[in-house]
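> Each chain, written out:
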Amino acid sequence: MTTEHLHIDPAEKRWIQVSILVLVIFAVAVGLTGFVMGFQVPLPEQRVDPALITQEGPFAEPGLRELAPGKYEAYILSQIWSFVPNEIRVPQGATVTFYVTSKDVQHGFHIQGTNVNVQVLPGYVGKMTYRFDKPGTYYFFCTEYCGLGHQAMYGRVIVEP
Amino acid sequence: MTGEGFAHERKLAAWNIGIAIVALIIGSWFGPLQLFEHAGLDLYKYLAPGIASYYQGLTLHAVLNALIWTTFFIVGFTTLAVTYTLKRPLRYPWVNTLALILMVVGLLLAAVPLLLNMATVLYTFYPPMKADPLFYIGLTLVVVGSWVAGYGFYFTLHAWRKENPGVRTPFLAFATILNMVMWQIATLGVAAEILGLLLPWSFGLLKGVDTELARTLFWWTGHPLVYFWLLPAYASWYGMLPKQAGGKLFSDTLARLAFWLFLLFSLPVGLHHQYVDPGVPPGWKYLHAVLTLTVALPSLMTAFTVVASLEMGARARGGKGLFGWILKLPWKDPSYAAQNLAMILFAFGGIGGITNASYNVNLVIHNTIWVPGHLHLTVASGVTLTFIGILWWLLPHLTGKKLFSPKLALAQAWTWFFGMILMSNSLHLLGLHFGVPRRTALGAAPYNMPEWRPFQIEAAIGGAILFVSLILFIIVVVGTVFASKPVEKPVEMPVAEALEDPQLTPAWLDRWRPWLAFVAILMIIAYGPLLYQLISAGQFVSPGFKVW
Ligand code: HEM
Ligand SMILES: [Cu+2]
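So the protein lines, in turn, are chains F and C. First residue of the first sequence? That's 23 in our numbering, and the numbers climb one at a time after it. First residue of the second sequence? That's 5 in our numbering, and the numbers climb one at a time after it.
Please note: incorrect hints may appear among the correct ones.
[To be verified] Partial list, derived from the structure: chain F residues whose beta carbon lies under 8 Å from chain C:
| hint | residue |
| --- | --- |
| 1 | 63 |
| 2 | 72 |
| 3 | 76 |
| 4 | 137 |
| 5 | 163 |
| 6 | 168 |
Since the hints were made in silico from the structure, they are not lab data. Don't be surprised by glycine CBs; every beta carbon is placed ideally from N, CA and C.
The following block holds chain C by itself, in its conformation from the complex (with noise of 0.2 Å):
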């Protein structure tokens, strides 16, 4: 998949991916600020005014990375991944630039207030604290963006099924468009908070809003949120990796079952983020812990087809042994050690997350410091570390010159994994020991415990490797855009092949409507009664506050 006769989709990529870059790169860096300011370094008093708080960067922090970076480099990736396993360009290439202008736009709104001080709401912006309408419209038009990009995924999927009857849709662009999907449906929930709650709310035409109804709309879509972003991580490791591990895909069946898994199943589980509400019956608690635990099952299935298909690469590598084969895998290829590593850290974040699931059990972490822990394992490193691992092939692919270092690269990752399992130990034991509260600028805090300060301290070092590895992220990255000799041969998209012909996956794996009608009764079932309730109980009378 060389990417000739693609240079709109290119296009349409490179600047998506660009934006993602940049957006990581301001964001992270308050991260190891934050732990710093934990163990009793203040470095926000060189930041003010530009930076009034804490939590000013903690808002920055999380929009940038959690949602800058991650929607634009997966409507990034995604543009390539759909045009080139499908051989055939976008059909409307206007209704992505459309897709790419509407985010940008957005972006750039939502940055206004942002960098003013006057949205410092945090990522999950909960009423009644109130932002800028700003704020609101800005990201509103980042999520427009982001379905209209989908539309166009589906129009082109739609035109290259009347070419192709019969034939089945090729993984990688079945596995990314069906995530677009999921999408769609997840953000009905955060679009209907902000369309009907918050936006008339910030212009003043409603008095007040009922917080236990905006929340439950908020996490309809903060769940899902989080396989929006795991799951093109998932098709590199299913999709690609293999192929860069010289292995095969070890079931396109599987792959393909998983996939309609999660779309069914990682949708109608907002309510594990609102075990400790007061305001919905724990009967609907429960009945989203378990559909929770069964969204884990396809992630164990992804476990198990993920490792045999590497196991198939390195034993065809000379691997032997049972676990022998491991040091045969591509370890000095930056872009596998990265994505490798990734998945080490996410299968930790896989194990605490059940934790998070599990009902009552919740009660003893929620909102604590273990709750950043866990998410820095997934989101912040299974995550992130793969689509960094992606980048060192696509930036070569997209630019023609060659990954500025190797040897950086791969430091990066590794200091990466490091500083991560530094500073998620950490936080995950002070939550669970002390029950130290997460979104706080705990170095003021006058409860601040001695016995706390050892991991503290600990969680601190690990930021200052993440600091190191984020300065070597910049480095190659800049080095492979400005600073590197062009590639001998063009750096291709790697595909892996299934080890078995995908015509013989069975048809109603590749057939949507019967799918989508079972998510459509699935979120009936699970927010139909309930969203009744808080609707026609709905009491709005919480008026706005500005607290920061």
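Bound-form chain F, shown alone (with noise of 0.2 Å):
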């Protein structure tokens, strides 16, 4: 051929049929187990003032709360280097929310083995939900660097059977 044309090798275009088809696979299935069935990523929450967050609000006074039998919210406070609180005891079953923000610069929140993984940031709360059905204990380490003393955060939850 001698005409400017868009050539394609036979073999090439099959891979790339394939290569399409699975990336769509990929895509379709991320957005069903997100949005269907419920795998999600943290959601935005609320805004705050990372001034006034130690004097008002629910961070005032950090930590965790029942609210029926079996259902939790805990909210954890990060600063520089410590999670307030860095132990919290729930039974094994428990359904716990996590609320999550900073009082100073950015933290990371990932408890080990869980899809609870927020980055934390001054001025926005993160919130993320999880069912502790095995009992042991959930470290959670701090995930951003956030100074020289980022290495000593962490805490952990454990469950009691």
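Build the complex: two chains, separate frames, hints provided.
Set out below in structure tokens:
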């Protein structure tokens, strides 16, 4: 052929078709698990003023509160270089909704072995819910660099049988 | 492409690439130190007070490697790729000289607070951690310098098009300039972050910052940044490596199409770094997830075209069988071998990248040490080892000296390959199984657990091998520049011919306006409403902190 044209080798064409198919399947799969089955990423919750959170609102007294049998909410305040509180205890099977924010720089809140993973930003409250079906100790580490003491910042959820 | 008659271009390239190499050498050696620290061997105490902490070292590691080595190398490489393949010198040489000056001044300004421990904010410099203003000013100048370098290339291409109406832009010039255009659009985000928020704030003109807005602007740049690193490596794989393997570019048309797709889809995807952010609604995150999966397509196309091109070369050299041809690739040529090994590591990085991009799957590994495991397969191997392979023809080309020791250069590539495999394998597993956090001096962490130790030791062994690799790299570079014999005949830039005459490539693959318009539309859709929301609801309340 001598005129210009979009020439694609047949084998390459098949490769491209299969690639598109696989990528579409991935996109649909994460969409369904996220928006239909509820394996969701953190949702915007509310704004706060980092200068005031230790004086007013739920973060003035952070900690665990029981809403109903087996249902809890946990307000976790992050600050250099600790989580307040750094230990909470719940019974096996408890569903806990975590609310996290920071009073200073950015931190990270990720509970080992779970999907609970939030970037902790001053000014914003991150929210995630998890059901603790297995007893044991679940550590949470600060997962965002927050200064010289970052490596000492952690806590745990103790799930009692 | 011998480079005769391109004295100014060669000089610019030599300066850029020389600075890049120095940055890589200084920056990289913190890498092994970090791995040793994790495994319980803390060498930082011997570096104090020069290097005050693990975190100052980590800031230097990523700024020097990921920002300085890459940007300077790319500008230098692009200077040669553009002018040699267009067969014309720079249209306005002073523009590119100015670019170099801006970048060097920026680097020196940023180096002061970095070295004085006044900007230990890591290379993402997330507010409200507040660095010394010089750090922000220096970074800005480096970026602005790279813009100016881009303008120099656009002027040159424009002049060439006038001189050669109707001729398809040579692939290498097209690909490397497209990368500079993409970079121009990509860096608007971080420019807005620094000029609109961080600088006024660090001078005290703005009382506080909005952390989510700053992150969103940062990642507008942060993801395409990785494509800015990658596309020159791809340009070498498509446009140079087939020649080095004795083959041809399998499809000029699809190579160009892939680059246009990169221009479109490497930009509107930044939110996939923010899946766990509390201030971005999930619909936006999902939109960017889908766009991110789209940008995997041109990479998959690249895999096919590049492998087909290399296979043609190997078969021309007598390779046989379904896989037997692989042995006939020029494995003894360090420039080739380094780049092929880079490709293999990059392929694994790509697979991990799809995991990272997958929206809720990301929750498992976000901010864990899996992520540095991933990025050392991509930028620190796929890109860096390719650039090192390029150096093995580029240094002899620029200096007129033989490669100091091809054997040591080969050993450098293989040690990098195996070192990175050990390191990234264990970092991936530590992140996936134990949720071990990244960016952490784990050796000093009270929670460092005994189960992590075997993996940390594996990674440290990888680090030791990489340390050897670095020393080999220094020997070959210094040996070539200062202690090697002159080459018998000039070493040329390898330029692969395409299987089909590029003139047959459709003209719409050589036109800029429609594609740029499409980019603008995509960016407005992917970011417009979200940024509007974040700005109009912005709370500029976070004061600065110095916490190191
Ligand atoms: C000599 C080989 C290298 C080794 C052993 C090494 C090791 C490491 C390690 C262990 C980390 C993780 C630190 C942490 O999260 O606490 C890291 C981070 C990083 N490295 Fe490397 N590295 C090497 C070369 C490179 C190169 C060549 C590049 C880029 C061109 C690079 C770019 C980065 C980046 C961008 C980070 C992330 C920094 C951050 O999270 O702030 N590294 N490196
Ligand atoms: Cu923290």
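> Against chain C, is residue 137/F within 8 Å by beta-carbon distance?
Hint holds; residue 137/F Cβ to chain C Cβ min 4 Å, cut 8 Å.
> Take the shortest C-beta to C-beta distance between residue 168/F and chain C; is it under 8 Å?
Given a least distance of 6 Å, the restraint on residue 168/F holds.
> The hint names residue 76/F as touching chain C; please verify it with the least Cβ-Cβ distance against 8 Å.
Result: violated, 14 Å to nearest chain C Cβ.
> Taking the closest Cβ pair, is residue 63/F under 8 Å from chain C?
holds, 5 Å
> Is the interface hint for residue 72/F satisfied, with its Cβ closer than 8 Å to some Cβ of chain C?
Holds, about 6 Å.
> Holds or violated: is the Cβ of residue 163/F closer than 8 Å to a Cβ in chain C?
This interface hint holds because 5 Å falls under the 8 Å limit.
Of the numbered hints listed earlier, the single one contradicted by the structure is hint 3.
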